[in-house]
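Starting from the known structure of chain Y, fit chains Z, A and G onto it as the hints suggest.
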Amino acid sequence: MNFSTKMFSLLSAVALTVAFSTGAMAGDVIKIGIAGAHSGDLASYGLPTVKAAELVVKHINEKGGINGSKVELMVEDDVCKPEVATNTATKLVSGGVNVVIGHICSGATKAALPIYNEADVIVMSPSATNPALTQSGDYPNFYRTIASDDAQARTEVDFAVNVLKAKKIAVIHDKGDYGKGLAEFAKLFIEQGAKAEVVLYEGITPGAVDYSAVVQKIKRSRADAIIFGGYHPEASKIITQIRKKKMDTIFISDDGVKDNTFIKVAGKYAEGVYATGPADVSSNPITKQYREEHMKVYGSEPGAFFDNAVAAAIVLTNAIEKAGSTDPKAIAKVLHTQIAETPFGEIMFDEKGDAIGVGFSMYQVKDGKYVQVK
Amino acid sequence: MISLKDLKNAFLVSLWFVFLTFPLMVIKVNPFERTIDWRWQNMGYVAAGSFICYLASRFFLASKAAKQKKQKLLDIPDKPKSDWQQRLLSEPRLYLPVLGVILAILLIFPQIFSTYQINIMITALMYVVLGLGLNIVVGVAGLLDLGYVAFYAVGAYSYALLNLHFGLGFWAVLPIGGLLAAGFGIILGFPVLRLRGDYLAIVTLGFGEIIRLILENWNDFSRGPSGISNIPRPGFFGMEMTLNQSISYLYYLMIALVIFTIFVVNRLQNSRIGRAWFALREDEIACQAMGIDKTRTKLSAFSLGAFWAGMVGVIFAAKTTFVNPASFTFLESAIILCIVVLGGMGSIIGVIIAALILMLLPEYLRAFSDYRMLVFGATLVLMMVFCPLGIISTVRRTYTIDKNLKTSNDREDYT
Amino acid sequence: MTEKTTPDTPILEVSGLTMDFGGIRALDHLDLRIRQGEIVALIGPNGAGKTTVFNCLTGIYKPTSGELLRTPTGLATRRLNGLKPNKVTQQGLARTFQNIRLFPNMTVLENVMIGRHCRTRATVLGAIFRDRKTVREEKKIVALAYSILKKIGLADMINEFAKNLPYGAQRRLEIARALATDPTILLLDEPAAGMNPHETAELDELITGIRDDGLSILLIEHDMKLVMSLSDHIFVMDYGKKIAEGSPNNVRNNPAVIKAYLGEDVEDA
Amino acid sequence: MEYFIELFFSGLTRGSIYALIALGYTMVYGIIGLINFAHGEIYMIGAFTSFIVATVLSILGFPLLAIFVIAALAAAVWSSAYGFTVEKLAYKPLRNAPRLSPLISAIGMSIFLQNYVLLAQTSDFMPFPQLIPEFGFMEPIAGIIGSSDLVILLTTAVVMVILTWLIKFTRIGKAMRATAQDRTMAMLVGINVNHVISVTFIIGSALAAIGGLLIASHVGQINFFIGFIAGIKAFTAAVLGGIGSIPGAVLGSFILGLTEAFATGYVSSDYEDVFAFSLLVLILIFRPSGLLGKATIEKV
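Residue numbers (my numbering), protein chains in the order written: chain Y, 1 to 374; chain Z, 1 to 415; chain A, 1 to 269; chain G, 1 to 300.
Please keep in mind that the hints were generated in silico from the structure rather than gathered at the bench. It should be emphasised that the depicted structure is a prediction, and the values quoted were computed from it without experimental measurement. Note that CB positions come from ideal geometry on N, CA and C, so glycine has one too. Wrong hints could be hidden among the right ones.
Chain Z is faced by these chain G residues, among others (derived, beta-carbon under 10 Å) [as the list claims (entries may be wrong)]:
#, residue
1, S58
2, I70
3, A74
Isolated chain Y, as found in the complex (with noise of 0.2 Å):
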């Protein structure tokens, strides 16, 4: 008896193992940088980048690189962990990357930061919206082609102060490094315009079972509107109990539940629901094309940040092009001084790293889709 037991172990572990396979890549010359969270439970927001710069890179290869250069991909994950960024970014640096793209989120980019800074190499990423790698100064070298939270922030408090007439707003988040950085600057804004008060202020538990303690904090504190800092799967919690409730709070979020996914987690109960997300760009002719090439090549919609990703891979790429040469110097030049074509239409960056032109709309679920609100 003892023996079957030992052997199932074994096998449990192995059986389960030998079900799943990988895969890898090489080349040549002007090597790009794609680091971000390509396993775990973050994947999701990683992965689109690199299939938004093989796809760039595709083309570019094919029409015989950037002058003359072929352009070689160098795919590093960082599981988005600050500790593990520094050593996927040293593993970057010390394999001599040109310029990278990432990281994806913003406490493993703060971490990676200073290595590529002391190594000179220019970093753009499609997704990490913490203000302070722009705002602080202390990063020169880094660039992203998504706008910051605070700007997010005042599109969404403008929103609902100017376009709503709300009064009383609660402020939640969900205490994560984006939902709660957001949420600070939308009590500061709220409070700054003085045309409304902050009735709430309050972080919630991720993953927590149930919000229904705080779904009845805020039916007491008789808030008109709700902001709510984080990702779709809270926000869908959240806004399934309002409504169950008999609420008709008005729920007005972040590019973190702009996702197709919270509508249809949450069903019904998204109907109404704002949300802030990049300019529709889907009329953009260079969006169009990335979007249905991905459909082409991987068979399935692209993943979340895809064009801020399509945007990054161009706007670096065709900065190398125009400088001549892969000197960080003369490609922060070219990005700071000429226009490129994204798909978020033409785009140079401010002294800061900013992206001109990137900037936040305000969507609402209407017949459960995300509709732009004029």
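Chains Z, A and G alone, transformed into the frame defined by chain Y:
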């Protein structure tokens, strides 16, 4: 070796696993498109995999049993299987050259390998020290601590905050971080150390979470979840260093810290206090009856264990130059605990080997990054099932006594 | 060694000791006395509460009521009530356990060295820096532990794990460990349990030797031959109460004792 | 006052959710003295199995009640199968190993199962079909307590009654109690201890599966990580109530749920977990074996 009965059992086992994994492995539903994907090929993999694994484990155990039987027949006394280990570890003539070679390799390591490799090695060495620290608490004193990461966080944040507010340098904070963590160990220890076993485990787990939650929520103190960035790397008499130099420097610093830790922990284990810790682990009641103050001994183990976590925390902050609460989750505690248990509770060398394996293996298995954690979990289970005492079991110090001791003399200061 | 205390002054006195577990009264107003240099036996049928007396004395249980008084030779009387087990040991009471409680994964020598813990002072810093004082203390601990082991007859096995010793040797090691704490009163809980006649005879000698070194001994034992040959005074317990006391001869012929043991197999190794 | 009642019901719902998971923890601990860290994962697997089955059935057009029943059955069967297998693979070979070994094995199992589901299914959150309809009669008080809350509360109550009956009065229950008290002795009087342990795992896992189904239906979504947090909280609740005691697990769960709800309602949900764990520490300081745990006097 493999009989028909084995084959039959293997068949039954694979049948069971096919059933077990059926819904999760075979069916994949897409509730949005309302489509079902039947992945029948996975069923084949599971069946074949479990069939082979059953036979393999059968074979492994049968050969092990045969070996034991042979030993019995030849009347070889049932010596501990780690006999060569014991000898290697206890005779200076044998271990000194080995030690020399290892040290030499470690010292020239940065000259041979890339910065990336050095960086990974630094991480691994950090876990060696963390493992050795927790080993004092769990391995030696037998107190199950599931919140060790809290002390790690205390160290990391003490450097981040002291540097931010008071501009204190790395070298000043290194001991302060350790001492603060040790202090926290005592503060936590006072109320909870009367709890036994699993109650202690859950309370320490809770403490770890509390520290993390405070760091997450108390923005004015810790800057909340967005963390503290731009923490300076360790300085060397104010010298300007390039990234590569400072990483190599950190590497040597870690080597020094590891050696220092081994030295101190080893001396502690073989001292009056170390013996009391071991005794506490072995039998709490007998330990007290022999005149050992239980509370004080537990507290000393707790705080001395925490001390190392605090020091490594400082180094962590200096290495990543950024700290946020997300780095200090329960999983981190679990990994450090696994290092201790895999290494063989209380064994210094075992802990070092386990830390290196657990930290380096996943890094080099990057190609399988998706399966990394799966393999990690499976390894823990397999290690425990096939080798529950860990890689290297505790080696106790042996004493040689001068047989001509004048016992009558000793007798006097005995009474 | 002996001061001017009269032999009649008890060095340990227990009066009115009562211990309740929930609703069950394990000890009921028990009185005991031990004088300097005496071997006192505590006997009684299984479940009489003998080990509970030890546990109360050594601070492992908190007695419900009663006084535990200890008068070290030539010093003032102290209460042992409410002291933690380790403090009791510091007061000079050391014990062994009925179901052996050695430190199985430590060596024989280390087991005995543990006994010195409460008589030594080495600190954490001392352990790390190994200053001269600590080294000297450590050497002394080893030497002393070795001398005790030699006396007890385990000197050849100092580097064995305690768990690998034969049963009888484990019992003796427990005594050695207790002796290392420098006790003046030694509490032995069934030291001869499971020993063969030869081993028991050796034990008899050992205990006598310890007494001759000036220690007093409180002994729980079922082996009547050993009890009768060793004891100066015997207390007999049943159902948590003292039913008789006196010299071996006295107790042997006491009707209450015979009644208590009736139907019980008085072990007669 | 109304606010208080609302919070009270929030706490009750949370408490009964914890209780469904905590019961499995406490049963396993009572019988083999092991913190079964993988129990949260069994709960997650239950939720996932019912998600898969329910979605398949709804695609095939089954009526809601049939979906609910079949999904619940499937979840219970497969969770039990996983619980049974995990015990045989990871714990049984370690019955006589040092105390920490099974715990590490359990942590390993937990990590393994999480990643197994992650790889075999998905890392994304999946919408869980709403299996509990909005009852018409609940309409007037929907602001205080919803239909799924009610179902969860009732299920917990029923489960606790059945479990108590099972353990007090049935043959297997007696065998379980005997094994919990003294495994060797139980073996000597002819109880098949391995069988009893397996049954314990199966019952505990089935409860977790039912919990998984109800909770996932209540919150409307699942992913591979839901077992971890729920597991930790449920374990905390079990310890709070006195681990090994079945009424203790339920009581501990309610106290934990209510504490969290009131802490959120009257203080701030920022520190909700801090309150929960501080309460645990406080209770254990004054009652080291939990609220209903037996204070064991160690035999010396």
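Against the structure, the hints:
Look at S58 of chain G: its Cβ gets to within about 8 Å of chain Z, closer than 10 Å, so that hint holds up. The criterion of a C-beta within 10 Å of any C-beta in chain Z is not met by I70 of chain G, whose closest approach is roughly 12 Å, and the hint is violated. This hint holds: A74 of chain G has a C-beta 7 Å from the nearest C-beta of chain Z, less than the 10 Å allowed.
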